[in-house]
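Next come the chains, spelled out residue by residue.
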Amino acid sequence: DQQVKQNSPSLSVQEGRISILNCDYTNSMFDYFLWYKKYPAEGPTFLISISSIKDKNEDGRFTVFLNKSAKHLSLHIVPSQPGDSAVYFCAASNSNTGKLIFGQGTTLQVKP
Amino acid sequence: GAVVSQHPSRVICKSGTSVKIECRSLDFQATTMFWYRQFPKQSLMLMATSNEGSKATYEQGVEKDKFLINHASLTLSTLTVTSAHPEDSSFYICSAGRLYTDTQYFGPGTRLTVL
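The listed protein sequences derive, respectively, from chains A and B. Mapped onto my numbering, the consecutive letters of the first sequence carry residue numbers 1 to 112. Mapped onto my numbering, the consecutive letters of the second sequence carry residue numbers 113 to 227.
Heads up, some of the hints might be wrong.
To be verified - Listed next, the in silico EDC-like pairs over lysine to aspartate or glutamate satisfying Cα-Cα at most 16 Å (straight line):
hint, chain 1, residue 1, chain 2, residue 2
1, B, K126, B, D200
2, A, K71, A, D31
3, A, K56, A, D84
4, A, K111, A, D84
5, A, K99, B, D177
6, A, K54, B, D214
7, A, K99, B, E171
8, B, K167, B, D177
9, B, K176, B, D200
10, B, K178, B, D200
11, B, K153, A, E42
As the list claims (entries may be wrong) - In silico negatives: residues of chain B with every beta carbon more than 10 Å from chain A:
hint, residue
12, P120
13, K126
14, G128
15, G165
16, K167
17, G173
18, L186
19, T187
20, L188
21, T190
22, T192
23, P198
24, V226
What the hints assert, rightly or not - The calculated label-pair distances, taken between Cβ atoms and stated as ranges, are:
hint, chain 1, residue 1, chain 2, residue 2, range
25, A, I18, B, S121, 51 to 59 Å
26, A, N96, B, P198, 34 to 42 Å
27, B, N182, A, N96, 37 to 45 Å
28, A, M29, B, L138, 30 to 38 Å
29, A, I20, B, T215, 16 to 24 Å
30, A, A70, B, D139, 35 to 43 Å
Because the hints were derived from the structure by calculation, they are not lab data. Think of the CB as a built atom: it goes at the ideal place given N, C-alpha and C, for glycine as much as any other residue.
Let the sequences and hints guide you as you build the complete structure.
Here it is in structure tokens:
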């Protein structure tokens, strides 16, 4: 039972354009959502998070949107840079347990 | 962000041996740490929750006798893979979060190869 899904395994974007990564979840008990960036053979690096009481959180070039009714969140990166090329994981948790459930990841390639 | 370290970064061992992986939170105390495993081209799968001063809680399908977890202090959790076999070869990652916050920070991971 995949509680967190990233249906796009890969995404290719031109430098300077917007990258939109999507994530869907099924468990309505999740109340905290995070995006991580990961390179091969390294641990995930925290990017941005959002609490279920919000619908948007912005940090520099990164914005996360949460649509609770649709159980959907997205990460917008604008403008995209070649250094953004990596695997992006969304994760969800319930604050009672703190356990993170990860999606499958989306490989982003930003072309110069 | 917070700093979490893991040691060793890579380990190669023979089948049947045990391997210990350390996870340390360097600049904060963590009552709870988490251990994940990632197989090639797959997502990170939570293995267990490491609780300081008490027994770890394991996810369904994870053998507690095979993956021993000790969380003896607020800055250190260890994962011991006992009697390792080739199918245990994977990338093991720990995470920790500051008290009363939801964001977890990850260690750099440990690549285990069992021959």
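Within 16 Å, alpha carbon to alpha carbon, are K71 (chain A) and D31 (chain A)? Roughly 11 Å separates the two Cα atoms, so the pair holds.
Checking a non-interface call: every C-beta of chain A should be farther than 10 Å from the C-beta of L188 (chain B). Is that right? 17 Å, holds
Against the 16 Å threshold, does the CA-CA distance of K126 (chain B) and D200 (chain B) hold or violate the hint? At roughly 11 Å apart (the allowed maximum being 16 Å), D200 (chain B) and K126 (chain B) satisfy the hint.
Taking 34 to 42 Å as the stated bounds, is the beta-carbon spacing between N96 (chain A) and P198 (chain B) within them? 37 Å, holds
Please verify that the nearest CB of chain A lies beyond 10 Å from P198 (chain B)'s CB. For P198 (chain B), whose nearest Cβ neighbour in chain A is about 19 Å away, the distance exceeds 10 Å, so it holds.
Given the hint of 37 to 45 Å, is the C-beta distance from N182 (chain B) to N96 (chain A) inside that range or not? 24 Å, violated
Are all C-beta atoms of chain A more than 10 Å from that of G173 (chain B)? Holds, because the least Cβ-Cβ distance between G173 (chain B) and chain A comes to about 12 Å, which exceeds 10 Å.
For a C-alpha distance cap of 16 Å, please report whether K153 (chain B) and E42 (chain A) respect it. 13 Å, holds
Range hint compliance [Cβ, I18 (chain A) to S121 (chain B), 51 to 59 Å]: Violated - the Cβ-Cβ distance for I18 (chain A) and S121 (chain B), about 35 Å, lies outside 51 to 59 Å.
Straight-line Cα separation of K54 (chain A) and D214 (chain B) no greater than 16 Å? 15 Å, holds
Are the Cα positions of K99 (chain A) and E171 (chain B) separated by 16 Å at most? 10 Å, holds
Over 10 Å from every CB of chain A: does K126 (chain B) meet that, or does the non-interface label fail? 22 Å, holds
Consistency with the previously given hints fails for numbers 3, 5, 25, 27, ordered from lowest to highest.
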